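K.L.:
One line per chain: the protein sequences are A and B, in this order.
Heads up: the first sequence runs through residues 185 to 479, numbered per this note's numbering.
Heads up: the second sequence runs through residues 3 to 481, numbered per this note's numbering.
Calculated from the structure, these hints are not laboratory results.
Please read all numbers here as calculations on a predicted model, not as lab measurements.
Every residue, glycine too, gets a C-beta built ideally from N, C-alpha and C.
Treat each hint with caution, since some may be false.
On the chain B side, residues computed to face chain A include the following (Cβ under 8 Å) [what the hints assert, rightly or not]: (1) 126; (2) 128; (3) 143; (4) 151; (5) 154; (6) 297; (7) 298; (8) 421; (9) 446; (10) 454; (11) 458.
Taking CB as the label site, the calculated pair distances span [unchecked claim]: (12) 383/A to 290/B: 49 to 57 Å; (13) 479/B to 253/A: 40 to 48 Å; (14) 350/B to 330/A: 47 to 55 Å; (15) 290/B to 325/A: 25 to 33 Å; (16) 409/A to 113/B: 24 to 32 Å; (17) 260/A to 463/B: 21 to 29 Å; (18) 249/A to 128/B: 49 to 57 Å; (19) 336/B to 249/A: 40 to 48 Å; (20) 321/A to 148/B: 39 to 47 Å; (21) 302/A to 463/B: 54 to 62 Å; (22) 302/A to 154/B: 55 to 63 Å; (23) 463/B to 210/A: 36 to 44 Å; (24) 152/B to 236/A: 45 to 53 Å.
The primary structure of each chain is shown beneath.
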Amino acid sequence: MLSKKPKAGTTFGYLIVPLALYTFAVFIPLLVAVYYSFFEWKGGPNKTFIGLDNYAALLRDSVFWQSFGHNLYLVLLCVIGQVGIAFVFVMVISTRFVKLKGIHRTLGFFPSTISAVAIGYIWMMIYDSRRGILNWFLEAIGHPEKKQVWLNNPALVMTLVAIPLIWQYIGYYMLILLSATSAIDKEILESAELDGANAIQRAVHVILPMVKSTVVVCIVLCVSGNMKAFDNIFVMTEGGPGNASMVMAMYGYKISFAQQNMGYGSAISVGIFVLGMAVIGVMQLISKLFAEKEA
Amino acid sequence: MKKRKVMMSLLLSAAMTVGMLTGCGSSSAPAASDTQTATEAPAATEDAAETPAADAESAASDLAYSGELTMMHFSTSEESQGNGGSDGFRTMLANWKEAHPNIDLNESVLANDDYKPQVATLAAAGDLPDVFLLQGMNTKAWAEQGLILDLTDTIKNSPYYADYNEAYFTPFTDGDKIYGLPVLTGGTCTVVVYDKAAWKDAGFDKFPETWEDVKKADEYFKANGYTDTIAFGNQGKWQANSCFLSVVGDRFTGPEWFQSIIDKGGAAFTDEKFVEALQFTQDIFASGIFNEDFNAITNEDAREYYIAGDAAAFIGGNWDVSYIGATLLETDPDLYANTGFAVLPQPEGATGSTNTQNIGLGYAVAINSKLADDPDKLAAAVDLAYYVTGPEFSKYVGENYALAGLTKVDNIDLSKFDQYTQDFYDFSYVSTTPCEIYDSYVTSAVWDVLNTDLQSMLNGDISAQEVAENAQDAYENNY
Chain A
185 MLSKKPKAGT
195 TFGYLIVPLA
205 LYTFAVFIPL
215 LVAVYYSFFE
225 WKGGPNKTFI
235 GLDNYAALLR
245 DSVFWQSFGH
255 NLYLVLLCVI
265 GQVGIAFVFV
275 MVISTRFVKL
285 KGIHRTLGFF
295 PSTISAVAIG
305 YIWMMIYDSR
315 RGILNWFLEA
325 IGHPEKKQVW
335 LNNPALVMTL
345 VAIPLIWQYI
355 GYYMLILLSA
365 TSAIDKEILE
375 SAELDGANAI
385 QRAVHVILPM
395 VKSTVVVCIV
405 LCVSGNMKAF
415 DNIFVMTEGG
425 PGNASMVMAM
435 YGYKISFAQQ
445 NMGYGSAISV
455 GIFVLGMAVI
465 GVMQLISKLF
475 AEKEA
Chain B
3 MKKRKVMMSL
13 LLSAAMTVGM
23 LTGCGSSSAP
33 AASDTQTATE
43 APAATEDAAE
53 TPAADAESAA
63 SDLAYSGELT
73 MMHFSTSEES
83 QGNGGSDGFR
93 TMLANWKEAH
103 PNIDLNESVL
113 ANDDYKPQVA
123 TLAAAGDLPD
133 VFLLQGMNTK
143 AWAEQGLILD
153 LTDTIKNSPY
163 YADYNEAYFT
173 PFTDGDKIYG
183 LPVLTGGTCT
193 VVVYDKAAWK
203 DAGFDKFPET
213 WEDVKKADEY
223 FKANGYTDTI
233 AFGNQGKWQA
243 NSCFLSVVGD
253 RFTGPEWFQS
263 IIDKGGAAFT
273 DEKFVEALQF
283 TQDIFASGIF
293 NEDFNAITNE
303 DAREYYIAGD
313 AAAFIGGNWD
323 VSYIGATLLE
333 TDPDLYANTG
343 FAVLPQPEGA
353 TGSTNTQNIG
363 LGYAVAINSK
373 LADDPDKLAA
383 AVDLAYYVTG
393 PEFSKYVGEN
403 YALAGLTKVD
413 NIDLSKFDQY
423 TQDFYDFSYV
433 STTPCEIYDS
443 YVTSAVWDVL
453 NTDLQSMLNG
463 DISAQEVAEN
473 AQDAYENNY
C-alpha cells in the first residue's frame, strides 16, 4: 500500500503549491528588479532607460565592494563560529558524560527563536561603553586600559556585530547536526572505541566523514544567510561608524529608500544575487575538489 | 475515502497559499491602516471629547464633496503625548472630521521613522494618498515627477494668507511655485541645553559665547566630578548634520552660500568656507569636550547623560527639549528649574552671524496631483489643509504648549507657563536669528552621503576635504 506510486497529477498538485509561492515571492521580484535596474528611477512615475549605466556605476562603487568584503568576512566568521562551534557542541552533548541532553538541546536552540532586532539591542547593551558588562568585566579583571567605545572602532566593529549572529545561530546548526549524528549506527562508534580511538579521533575520522553532506548543507545555509545579513547590524550600528559595518543588503536598502534611488537600488539587489550565487558556486566547487581528492 | 483525503489536503494547502499570498501582497497599505486603527481610534475619541464642538465652527463650510479622503501622517497617539505639534494636529483633524460628517477621512498613521520610507515607496509607485505630509527635501523631485499639486494660488487665496509666516514656505518651493502648507510646529534643530547653576560654578553666568571658553569650562567640569561637559549622540548619523553642522556651516558661510546651493547658483560643498566649517566640526569633536561615545549612542541616549547629571550640557533639537523637560519635572525639579537654553558658541574664524539657530517646519501638507481631476474632492483637501495649518492650530499649540506654527497669532498668553517653557519659547521665536535646516532642502542622496562621511570624519578616519569632495560629487550627480 505504502509503496504504491501516487498518480502524476497528485504529485504535480502538491508540488505546484510551493512552486507558485516561490515564483511569486522570489522569481517575480527578481525579474522585476532586473527590469528596473536598467532605468534611472528616483521614485515616482518617471523612469529613464539608461541601459547598463547602473551596473557600470556598481562596478566602480567602492562602498558596495567594501560591503561585499564585509559580507565575506561575516561569512568566514560565521562558518567557523556557527557551524564549527555547533559541531563541537554536538560532539560534547552526544558523549555519555553529559546529563539532561534534552535541556541542552532546547536551551541551545533558544536564541535562534528570538528576533534579530531584540538580539541586536541585547548586545548593544553588552557593548555599551558606560553601562555595558563588557567594559565592566574588563575593569573587574584589572584591565581598565582595554575599555573602549566598542561599536565605534572601525577595525573591530564587523567582528563585534558578527558575535551576536554567531551566538544566535549555533543552536540552529546544532539541531541539524544532531539529527544527522543520531542517525549514525551506534555499533560503528562502539567498534571505533574498542579499537582505541579517543573522542577527538572518533569525531574527526568517524563522525565527520559520515555527516559530511549535512555539514555541507549547513555551510551553504550559513553562507546564503550571511550574504543577506541586515537586521541586527542595522539595529546596532546602521552600518557605522561611517561605512565600517556596511553590508550589501543594508547598502541596497539605503540607496533605495534613504536616497530614493530605486533604479540603482535594484541594480544592487541584482548584484547581491549574482555575488551570492558566485560565492556558493565557488564553495561547491571547492567541496567537489575535496571529494575528488579523497576518492 | 483516500481520494477525499487527498482532495482535502490539496484544498487546505491551496487555502494556506492563498492566505500567505494575500498576506504578502497587501502588506504595504493595510499594514498602515492597522497601525492606524490600533493607535488612532481611542485617541481620536479622547481628542473629540477634550475639544468642544465650538472649535469646529471655523472648519465647517459648505463642501460639495462626500465620500472618502485618504490621508497619511505621523502624529501617532504615542507621539502626541507631550509633543505639542502632534497633539495640536490630531486635535485639528478630529475637529475637522466632526465638522464634515459626509467626508470619510481615512487616516494612515505611522511613526515618523516608518512614515518616511513608506511615503517614499508610495511615491515611487505613483500611489500617494490624497493628502499627506511632504518633507522639504522631496519637494523638487516630486514636483518634477508631477506627483504633487502646485498650491501657489491656493495659498494666495487662503483666508489666512496675511498671517502666514512667509519664511516657512521656502523648503516647499521650486522656482516660483509652492507645493505645500507647512504644518506642525516650528522647532529648532540645534539648541544647547545647559545647567545654569553648574556653569555658574564654573565661572560663567550664561553659556559661553566662544568655544575657547567651553574648553576652559571643560577643565573645571572634568576636575569636579562631571563625566562630560557636553553630551551629544550621533549613532543615527543625521544628528551631527541637523543638530550641529547646519548651524556651524551658517556661521562660516553665511546664508547666501546655502541659498546658492539650493538654487544651484554656483556654490559648492568644496568651497573654502564650508570646508573650514567641516574642519572646525572635526576639531571640536576631537577636543574631548563631548562624551567619547558620541558616535555610538543616539541623541535619546545622550540626553540621559544630561538628565542624570553626568553632563553639564547637551546639544540636540526641540524634540529633546520636550523630553528633557517632561522627565526632569518628575525626577529632578532642581535641574528643571536651572536648565537654560543657548545658541551654539561662535567658532573661531567664523565671520557669520553669532546668534543663529536652525529652525523651520520640516513638513508641509501636500495634495496628490491626481485630485486636480476632481474639483470637489480637491476643495475638501484644500479646506483640510487650510484648517490644520490655520490660526485655530496656532492658537491651540500656543496656549497649550508655547509653540508656534505657520499662522501667526497675536496675544498668546505665556504667563501661565513655567520658566523652562517660557525660556524655550523665547529662544525659539524671539531672541535668536533663524537659519536654514540643511536637510530640509536639496536631496536625501546628498545628505545620506555627507552624514555617513561626517561620522567617519568625527572619528578622524577621513579629512574634511574628502567629506566635502564626496558631498560635492553626490550633489552634482543627484541634484
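K.L.:
With reference to the structure, classify each hint as holding or not holding.
P.N.:
Against the structure, the hints:
no.	hint	in the structure
1	126	holds, 4 Å
2	128	holds, 4 Å
3	143	holds, 6 Å
4	151	violated, 14 Å
5	154	violated, 20 Å
6	297	holds, 5 Å
7	298	holds, 4 Å
8	421	violated, 31 Å
9	446	holds, 6 Å
10	454	holds, 6 Å
11	458	holds, 3 Å
12	383/A to 290/B: 49 to 57 Å	holds, 54 Å
13	479/B to 253/A: 40 to 48 Å	violated, 24 Å
14	350/B to 330/A: 47 to 55 Å	violated, 36 Å
15	290/B to 325/A: 25 to 33 Å	holds, 27 Å
16	409/A to 113/B: 24 to 32 Å	holds, 29 Å
17	260/A to 463/B: 21 to 29 Å	holds, 24 Å
18	249/A to 128/B: 49 to 57 Å	violated, 33 Å
19	336/B to 249/A: 40 to 48 Å	violated, 54 Å
20	321/A to 148/B: 39 to 47 Å	violated, 59 Å
21	302/A to 463/B: 54 to 62 Å	violated, 30 Å
22	302/A to 154/B: 55 to 63 Å	violated, 48 Å
23	463/B to 210/A: 36 to 44 Å	holds, 38 Å
24	152/B to 236/A: 45 to 53 Å	violated, 36 Å
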